[in-house]
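> Given chain A, put chain B in place with the hints provided.
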Amino acid sequence: MMIERLLLTLLIIGLSLAVYGLGRWLHLRRLERSAAPQAERPTLLYFASDACAACPTQARYLEQLAQSWHGRFHLQKIDADREPDKAAQYKVFTLPTTILLDAQGVARSINYGLTHSHKLAQQLETIGMQP
Amino acid sequence: MATIRIPAPLRPYTNNQSSVTVSGDSVSAALADLNRQYPDLQPHLFDGEKLRSFVNLYLDKQDIAQLQGLNTPIAEGDTLLIIPSIAGGAPSKRKVDQSALKVNQAFIITLLLLAFVLDTAWLAAFVAAVMLLGTAVPALSLFKRIYQHLLKPAGVVKPHVISDNPEPHRFAQGFGGVVVTLAVLLLWAGQPFWGWALVWLVVGLAALNLFLGFCAGCFVYYQLSRLGAPGFTRKPIR
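So the sequence lines, in the order shown, correspond to chains A and B.
Letter by letter, the first sequence follows residues 1 to 131 of our numbering.
Letter by letter, the second sequence follows residues 1 to 238 of our numbering.
So that you can see chain B by itself, here it is in the shape it has in the complex:
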């Protein structure tokens, strides 16, 4: 058995493992075993049957291109490094798992609709609290943690990591949390029409994001960034 070291951008596809034990007596066989264990990794390493041009492989610090390429023999205990090359500018290190965002949106929509049907302001308040806490401390985002620790390992939802800024999405969630909080206050103040109308507004915007991929909050964030608003520093990744 040999070991393949996985670079950080690809770890979401290997259950966040930084190294994977593989079988095979050549680089090509080892990669085939890696793809068998983690099929989601395959399109990121290969373009059809060919290794993607930006993927470099090093066997014990030697570039396999200077050895026998994919036919390079691998011995027991060898370590194969996958190193993405950088050409003409660093690829963005800022990554967002779109699946985590969608699971988050799905929970928000479902629970807010449930709150409306059951006429339970407390449930809406719970969702607002989760949204605001997740905005303030992303690591404590309840619905994303459910995805990370339950849905993803169980294979129910596959990760989908793309280059993107996390900040606009945090802003969108935070804004949504504020609106739901306002909705809850209206409900407790005896204004059910306006309270639930605001809840439905958040449901609608979350659904727009979940089903059509349009993040209204992200759009607002980038507009504020363009205007130079303090704190809105991120530009779209190009």
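Isolated chain A (complex conformation):
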């Protein structure tokens, strides 16, 4: 009985991770189809709002990242309360959310919730950027 419950637990956790991963992949695919205009450098979109408790911390991580990368990417903040259309365009459902667009405007990574600067740095490196 315990083994069955353990397997069921692992199955539920596995399915949840799979659904999350699939949802994130589909979110990225949908964003890829509606690519933003090309820019001369990658853009890190950062969705926030005044009521989001973790957003000031996310802003600090992003500022530190921008400074250590010496402006090699463009950082764009979008206030989800003041620009709900833009948040809807990117299908943002939780805050903070960060989306990395490459220089062609194609979404390459998406992060839900507070994301540390080292993870964002890794994502920048996967699109060929160097600090």
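Nothing false has been slipped in among the hints.
Pairs of lysine-lysine, DSSO-like flavour, derived with a Cα cap of 27 Å: (1) A:LYS119 <-> A:LYS77; (2) B:LYS95 <-> B:LYS50; (3) A:LYS119 <-> B:LYS102; (4) B:LYS102 <-> B:LYS152; (5) B:LYS50 <-> A:LYS77; (6) B:LYS158 <-> A:LYS119; (7) A:LYS86 <-> B:LYS235; (8) A:LYS119 <-> A:LYS86; (9) B:LYS95 <-> A:LYS77; (10) A:LYS91 <-> A:LYS119; (11) B:LYS95 <-> A:LYS119; (12) A:LYS77 <-> B:LYS235; (13) A:LYS91 <-> A:LYS77; (14) B:LYS102 <-> B:LYS235; (15) B:LYS50 <-> A:LYS119; (16) A:LYS91 <-> B:LYS235; (17) B:LYS152 <-> A:LYS119; (18) B:LYS152 <-> B:LYS95.
Counterexamples of contact, computed for chain A against chain B with all Cβ distances above 12 Å: (19) LEU22; (20) TRP25; (21) THR43; (22) LYS77; (23) GLY105.
Just so you know, these hints were derived from the structure itself, not from any lab.
Don't be surprised by glycine CBs; every beta carbon is placed ideally from N, CA and C.
Just chain B, lined up with the frame of chain A:
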């Protein structure tokens, strides 16, 4: 040796010490020693190499900006005060240690899953009791006390204090405690499917908070606050 007095908002990064003994013959050397002792404090005082603009330093009641700045000499027995300045409105004094919340959520998830695997309603009842007691008397929150007295001092988990209202998080925990209590009653009443389904609901919501940073209970709290529900008085900190 000199002493640096730590303001309350920064004490979570100095193991709650209100003053720290430092070595160094200048303000800059003293701060460097402080950062060496408590590396988590560094990003809150400095923006790269520069002192953050809202951080004021007073040496024996004199602003160091009116002395020699960071090069101001410090003598044996001097006291350096760190005073955050207030500009255009008071910064929020309401703080929540996100790490304490996450440790709490991790314990709840782990123990409830263990209760399910072992088919032990008593373990779920224990978790419900801890959640409800922690809601009623936050100082008695068992899992947060483990974080405060074991994990944080041991450096296993670093504090992460942000401006936030504690009340929505207490509400979320309390609501979760009520649901787990209901689950336990169902289990004891011979309804294992619904009992464990409610346990899994709480596990799912706690996981949503722990891994994606979305607090469903906090969301409900703020909606009730917007509607003017009695007792739900806190608004989101802006």
